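Protein chains in written order, with my numbering: chain R, 1 to 255; chain E, 1 to 225.
It is worth saying that the hints were derived from the structure and are not from the lab. These figures come from a predicted structure and were not determined experimentally. Each residue gets a CB set at the ideal place from its N, CA and C atoms; glycine is no exception. Fair warning: there could be bad hints in the mix.
Said to hold, decoys possible - If you want the ones that stay clear, here's a sample from chain E, every Cβ over 12 Å from chain R, calculated:
hint, residue
1, Ser70
2, Thr109
3, Val160
4, Thr189
5, Arg197
Unchecked claim - Covered by chain E, according to a simulated footprint, are these stretches of chain R (three or more residues, beta-carbon under 8 Å):
hint, segment
6, 65-75
7, 93-106
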Amino acid sequence: MNLTIHVWRQKSREAKGGFVAYKAENISPDASFLEMLDVVNESLIEKGEESIHFEHDCREGICGSCGMMINGVAHGSRGKAMATCQLHMRHFKEGDEVWVEPWRARAFPIIKDLIVDRSGLDTIIQAGGFISVNTGSAPEANMIPIPKPVQELSMDAAACIQCGACVAQCPNGAAQLFTSAKVSHLGLLPQGQPERYERVVRMVEVMEEMFGSCTMFGECEAVCPKAISIDFIARMNRDFIAAKFKSQKEISVGV
Amino acid sequence: MTWVGNFYRSAIGKKAVMAVTGVILFGWIFLHMVGNLKLYLGPEHLNEYAHWLQTLGSPAVPNKGMLWISRIVLLVCVVFHIHSAVALTIVNRKARPVGYRDRDYLAATYAARTMRWGGVIILLFVIYHLLHLTTGQAHRDFIENDPYHNVVSGFQVWWVAAFYIIANLALGFHLFHGLWSMFNSLGLTHARFNPWRRNFATAFAIIITAANISFPLAVLTGIVR
Ligand code: HEM
Ligand code: FES
């Protein structure tokens with residue numbers, strides 16, 4: 001396949017960026033989008049030009065680093081739960097023009113080309129994404145019984161790979177889906193109960209300092225590579241509202 | 001009271017306030033629509049109903065007492081509904097200072113994407129509507145305490161009728177998204193009733209819009225005169 005890709009090039013955080021058109025030639029339809037970029041980069045290196053910088057690691061949809069907007073959709077996924085590394089070139093047509101942009105949000109400054117700084121998401125995790133346990137040897141796995149549906153729901157939320165697609169796709173630049181997944185996967189389990197209300201308040205406060213707010217567009221759910229449901233956002237809202245109706249004492253003892 | 005301010009300062013708090021004020025406005029608009037259906041029963045019925053609204057609750061409250069209480073409640077709701085909407089819109093604009101060259105929507109409905117402009121149209125309409133049918137300044141042939149006459153002669157002007165129709169379509173879209181979204185804003189999610197949230201919003205958006213639009217249409221076509 002032969003295509004034209006228009007890629008956002010930006011030398012550094014402060015530099016002014018712009019789109020540059022490249023020819024992607026002799027691309028196998030079985031190649032992933034990242035492999036297509038590899039081919040383009042090789043030709044750039046041969047010509048002595050600087051290669052296109054993009055983030056990648058696992059190349060199998062589990063690390064969450066390969067974020068980019070492809071033709072106006074995060075990961076170019078169009079309703080199928082996948083990351084850019086799982087997007088195959090057969091989804092494009094011969095001669096297509098493809099626009100590739102970095103995630104755009106105030107909280108995600110561009111580091112270089114398609115690489116953005118997603119550490120804002122880490123800041124949210126640091127605010128409350130933990131539980132209190134005694135460290136030491138691993139506890140017996142079945143010590144605390146957890147109903148199967150609860151455990152599965154918690155796992156659905158825990159599937160989040162922190163790629164940032166929800167923020168990138170959200171017209172409001174909101175991190176609600178991400179934060180709600182992190183709040184819920186701990187808040188659903190017995191081990192997460194002691195900090196349940198403190199956690200949601202802290203994480204939401206940090207989230208709101210950096211990101212937009214939710215208007216239930218549903219765009220985040222549509223691009224999430226792990227198909228995490230926006231119902232978790234409602235769950236987070238419920239816990240947050242409940243926490244605000246509790247006294248400081250109730251919150252600190254986790255009831 | 002500090003916790004109220006604290007709560008409202010957060011974006012999730014604002015969304016909850018938006019949902020609660022929205023649901024009050026929705027309840028009111030539903031009753032308003034049901035009351036207006038009396039247009040089809042004839043002048044006596046509609047006017048009698050209007051009179052009943054004015055004397056509602058008397059003698060416990062003075063005449064128009066209930067009317068004024070509900071007006072104040074509605075005004076407070078409108079103020080908070082709009083304030084939270086404007087404040088959150090500003091936050092959201094700031095969250096993405098540089099936009100995309102190209103962006104595509106996968107899930108966001110037309111209704112969801114027009115909430116802000118739709119809200120502005122509804123607000124302008126409400127102001128016009130009050131001047132038109134409540135106080136009469138915007139009405140060519142206003143007769144105090146004869147709402148039937150005021151509605152019919154008002155809608156006989158085609159562009160007035162057209163504006164009512166357009167504004168109520170905007171209201172329909174607003175409700176279509178808002179009545180669904182409010183469940184999430186208030187954290188009301190449950191596997192068993194989740195599918196019904198969409199049906200609820202769709203049904204009430206259609207019922208309210210269809211009935212409201214039928215009034216100007218009925219006058220324009222001469223069914224009600
Ligand atoms: C075709 C649709 C509508 C018709 C025929 C209609 C008719 C009326 C009439 C006749 C009155 C005045 C009653 C009186 O004082 O004698 C009224 C009042 C009012 N209407 Fe509507 N209306 C419609 C739609 C709407 C909509 C969509 C809204 C707002 C979203 C709205 C908001 C109001 C308000 C706020 C009042 C004033 C209530 C008060 O007296 O404080 N109306 N309407
Ligand atoms: S490279 Fe790891 S998710 Fe795509």
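Against the structure, the hints:
1. Every beta carbon of chain R lies more than 12 Å from that of E/Ser70, the smallest distance being close to 26 Å; the non-interface claim holds.
2. A beta-carbon of chain R comes within 12 Å of the beta-carbon of E/Thr109; the shortest separation is about 8 Å.
3. For E/Val160, the requirement that its beta carbon stay farther than 12 Å from each beta carbon of chain R is met, with the minimum near 32 Å.
4. Separation of E/Thr189 from chain R is inadequate, the least Cβ-Cβ distance of about 4 Å not exceeding the 12 Å criterion.
5. Its closest Cβ contact with chain R, about 10 Å, brings E/Arg197 to no more than 12 Å, contrary to its assignment away from the interface.
6. A stretch counts as covered by a chain when three or more of its residues have a beta carbon under 8 Å from one of that chain; for the segment 65-75 of chain R and chain E the count is 4, and the coverage holds.
7. Coverage of a stretch by a chain is defined here by at least three residues with a beta carbon nearer than 8 Å to that chain's beta carbons; for the segment 93-106 of chain R and chain E the count is 5, and the condition holds.
Hints 2, 4, 5, counting from the list given before, are not met by this structure.
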